[in-house]
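Each chain, letter by letter, is given below.
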Amino acid sequence: MEPRTLFQKVWDNHVVVQEPDRPAVLYIDLHLIHEVTSPQAFTGLRERGITVRRPDKTVATMDHSTPTDPKALKVIDDQARVQLAMLESNCEEFGITCYSLGDSRNGIVHVIGPERGFTQPGKTIVCGDSHTSTHGAFGALAFGIGTSEVEHVLATQCLLQRKPKTLEVRVDGRLMPGVTAKDIILALCAKIGTGGATGYVIEYTGSAIESLDMDGRMTVCNMSIEAGARAGMIAPDEATFAYLKGREFAPKGADWDAAVERWKQLRTDDGATYDKTVTIDANTLGPMITYGTNPGMGMQISESTPKVDAFDDGSQKAAYEKAMRYMDLEPGAPLAGQKVDVVFIGSCTNSRISDLRMAAGVFSGRRVADGVRTLVVPGSHDIKKQAEAEGLDRIFKEAGAEWREPGCSMCIAMNGDNLEPGQYAVSTSNRNFEGRQGKGGRTFLASPLTAAAAAITGEVTDPRSLLLS
Amino acid sequence: MAKFTTLTSHAVPLPADNVDTDQIIPARFLKVTDKHGLGDSLFCDWRYLKDGSPNPDFVLNEAASQGAQILIAGDNFGSGSSREHAPWALVGWGLRAIISTGFADIFKSNSLKNGLLPVEVSPEVYKQLMQAVQLDRTTKITIDLPTQSVTGLGSLEATFPIDAFSKHCLLEGIDQLGYLLSFDEQITGYEQQRP
Numbered sequence: 001m002e003p004r005t006l007f008q009k010v011w012d013n014h015v016v017v018q019e020p021d022r023p024a025v026l027y028i029d030l031h032l033i034h035e036v037t038s039p040q041a042f043t044g045l046r047e048r049g050i051t052v053r054r055p056d057k058t059v060a061t062m063d064h065s066t067p068t069d070p071k072a073l074k075v076i077d078d079q080a081r082v083q084l085a086m087l088e089s090n091c092e093e094f095g096i097t098c099y100s101l102g103d104s105r106n107g108i109v110h111v112i113g114p115e116r117g118f119t120q121p122g123k124t125i126v127c128g129d130s131h132t133s134t135h136g137a138f139g140a141l142a143f144g145i146g147t148s149e150v151e152h153v154l155a156t157q158c159l160l161q162r163k164p165k166t167l168e169v170r171v172d173g174r175l176m177p178g179v180t181a182k183d184i185i186l187a188l189c190a191k192i193g194t195g196g197a198t199g200y201v202i203e204y205t206g207s208a209i210e211s212l213d214m215d216g217r218m219t220v221c222n223m224s225i226e227a228g229a230r231a232g233m234i235a236p237d238e239a240t241f242a243y244l245k246g247r248e249f250a251p252k253g254a255d256w257d258a259a260v261e262r263w264k265q266l267r268t269d270d271g272a273t274y275d276k277t278v279t280i281d282a283n284t285l286g287p288m289i290t291y292g293t294n295p296g297m298g299m300q301i302s303e304s305t306p307k308v309d310a311f312d313d314g315s316q317k318a319a320y321e322k323a324m325r326y327m328d329l330e331p332g333a334p335l336a337g338q339k340v341d342v343v344f345i346g347s348c349t350n351s352r353i354s355d356l357r358m359a360a361g362v363f364s365g366r367r368v369a370d371g372v373r374t375l376v377v378p379g380s381h382d383i384k385k386q387a388e389a390e391g392l393d394r395i396f397k398e399a400g401a402e403w404r405e406p407g408c409s410m411c412i413a414m415n416g417d418n419l420e421p422g423q424y425a426v427s428t429s430n431r432n433f434e435g436r437q438g439k440g441g442r443t444f445l446a447s448p449l450t451a452a453a454a455a456i457t458g459e460v461t462d463p464r465s466l467l468l469s
Numbered sequence: 001m002a003k004f005t006t007l008t009s010h011a012v013p014l015p016a017d018n019v020d021t022d023q024i025i026p027a028r029f030l031k032v033t034d035k036h037g038l039g040d041s042l043f044c045d046w047r048y049l050k051d052g053s054p055n056p057d058f059v060l061n062e063a064a065s066q067g068a069q070i071l072i073a074g075d076n077f078g079s080g081s082s083r084e085h086a087p088w089a090l091v092g093w094g095l096r097a098i099i100s101t102g103f104a105d106i107f108k109s110n111s112l113k114n115g116l117l118p119v120e121v122s123p124e125v126y127k128q129l130m131q132a133v134q135l136d137r138t139t140k141i142t143i144d145l146p147t148q149s150v151t152g153l154g155s156l157e158a159t160f161p162i163d164a165f166s167k168h169c170l171l172e173g174i175d176q177l178g179y180l181l182s183f184d185e186q187i188t189g190y191e192q193q194r195p
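Going down the list, the sequences are from chains W and P.
To convert, note that position 410 of the first sequence is 410 in the numbering used here; the numbers rise steadily by one, no gaps.
To convert, note that position 92 of the second sequence is 92 in the numbering used here; the numbers rise steadily by one, no gaps.
Isolated chain W, as found in the complex (with noise of 0.2 Å):
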């Protein structure tokens, strides 16, 4: 048999029918649902009069809308109610499990779905929401959908799918301590851009990539999409087995022992070729941090940001030029030291308690800067408990910062978490567009080590500072 990439099996394993000059109907394990972008999909279920097909391969849970704030669980508005309430008859008509506001197994759809087991290697993973390429840290095929694909999938399990190439990204190397997960994927945005990506899918190899833990591989994996990628994989390991071993969902028994050996051929042959390959070189990272209002402006933090005249290209130095006047920002100048106003620590790409643990490290015994406003948002409710077990939420709240209740939060800022026009903000999330947290807010994207040194200082912080004293 000709050699094949770990995606070039998973898609194999999965093409019910192929005909010519026609995109595949591709099977899909796991069809992951939301508050967001599944109302209009019932809807047309019902118009047509049909069911849902596998009900059983459908997990839904509420988390862009709902509130975070642990005084007053309040839903922000009218129409994020109706829109909550709307999930739960649906999946109550339909026969759907519903992770409900409140439910103590609720919280991010990307960070339940392999915290309860449902991810695992091989299975091909759907939601309607872009950041579903995270699961792709197991091995998984996983990618985000619009809603008439939704309705897709709940009506047939599949989709219709042209397969896409293959880019391997490897990072070889060993990242210095203060350079995380986080700084790898910002990294490989500002190389190749927003779109360098697009129309691939990611395999991230080399010994920088096996040496992450599952956390962290799920944040590189989470932001495939900010290079354009629809989804990001990593070939499964001993770390993905460990970590699913025993979760509600996995594989028990006779039936674990037959999976892991399943899924240790999930692993690109000797002598497969990518259609391309791009390299970075883990020695050389340092924290990262962007500057402008898409994931790809980024840079080192120890560095200046462009000057205008760094761009040859028309258009792009008229759309960075157009982003240093939102971001209020002077070209060809330092970034470390600028003022900020909130830091928030949560979201699909850093809400795990690896990088709970992380930003505790920098907040414990240190107090939060005057005037900063610093959210921490845990991914789910099992983290939660899991940081209050550990005792990190008091170190977060003897800091002063805000010890919040699982949800999208900052990141999309539909739920009543916001920045104010102006405000500029260190973010552990994973887009820095214009008014992406919140009309007029500013958006500098980072690691979980980076916004918590942010949060300590009150201003642009490069960790390192913090963690060498």
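Calculated directly from the structure, the hints in this document are not laboratory data.
Because the structure is a prediction, the values reported are computed rather than measured.
Among the clues, some could well be false.
As the list claims (entries may be wrong) - Using 27 Å as the maximum straight-line C-alpha spacing, the simulated DSSO-like pairs for lysine-lysine come out as follows:
no.	chain 1	residue 1	chain 2	residue 2
1	P	50	W	57
2	W	191	P	167
3	W	439	P	50
4	W	307	P	127
5	W	322	P	35
6	W	74	P	35
Model the placement of chain P on the given structure of chain W, informed by the hints.
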């Protein structure tokens, strides 16, 4: 889905790269539970001033843009989130085609399911069209799906790529779920083989 065959229209020029779906329709408008009525919120944060009045400097508010069915925008249009609310809002405003040098994957897939044609052209063709439209806002452009061509400005004639299946669905106004449902037997066979 509305059929798409040939479209001749004046166009809205938006010469910005990486227009993301958060600009096309900000997240706070995603609390809706139907597809309709999003046209009023299209490009909301660029289109309206703080007091809610139309921003006279934004191209969509210009008299010359009214009635346009084509948008010409910079590279990597529709990047970011998977929200289908983005094509719903574009279509809701009255657009039927977007001309750009490149589109984000999910946005393109969502657009094709809503009768909104992504027309990918070379940087040279983009530049010619953008300059002509900016110079004379009444410039008409014709997009012909059967021949996959863009014509206008007298002599300009360019082609654009589209996969055969999406083209067929747009020409006939077929929605893809009907096609997918026709494979019920094969899907059942697959499920029995790999439970």
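Cross-check of the supplied hints:
1. P/50 x W/57: Outside the cut-off at roughly 45 Å; violated.
2. W/191 x P/167: Given pair residue 191 of chain W, residue 167 of chain P is violated - Cα atoms ~34 Å apart, limit 27 Å.
3. W/439 x P/50: This hinted pair holds, its Cα atoms lying about 10 Å apart.
4. W/307 x P/127: Satisfied, since the Cα-Cα distance of roughly 25 Å is no more than 27 Å.
5. W/322 x P/35: Between residue 322 of chain W and residue 35 of chain P the Cα gap is close to 31 Å, so the pair fails against 27 Å, i.e. violated.
6. W/74 x P/35: holds (26 Å)
In this structure, the hints that do not hold are numbers 1, 2, 5, in rising order.
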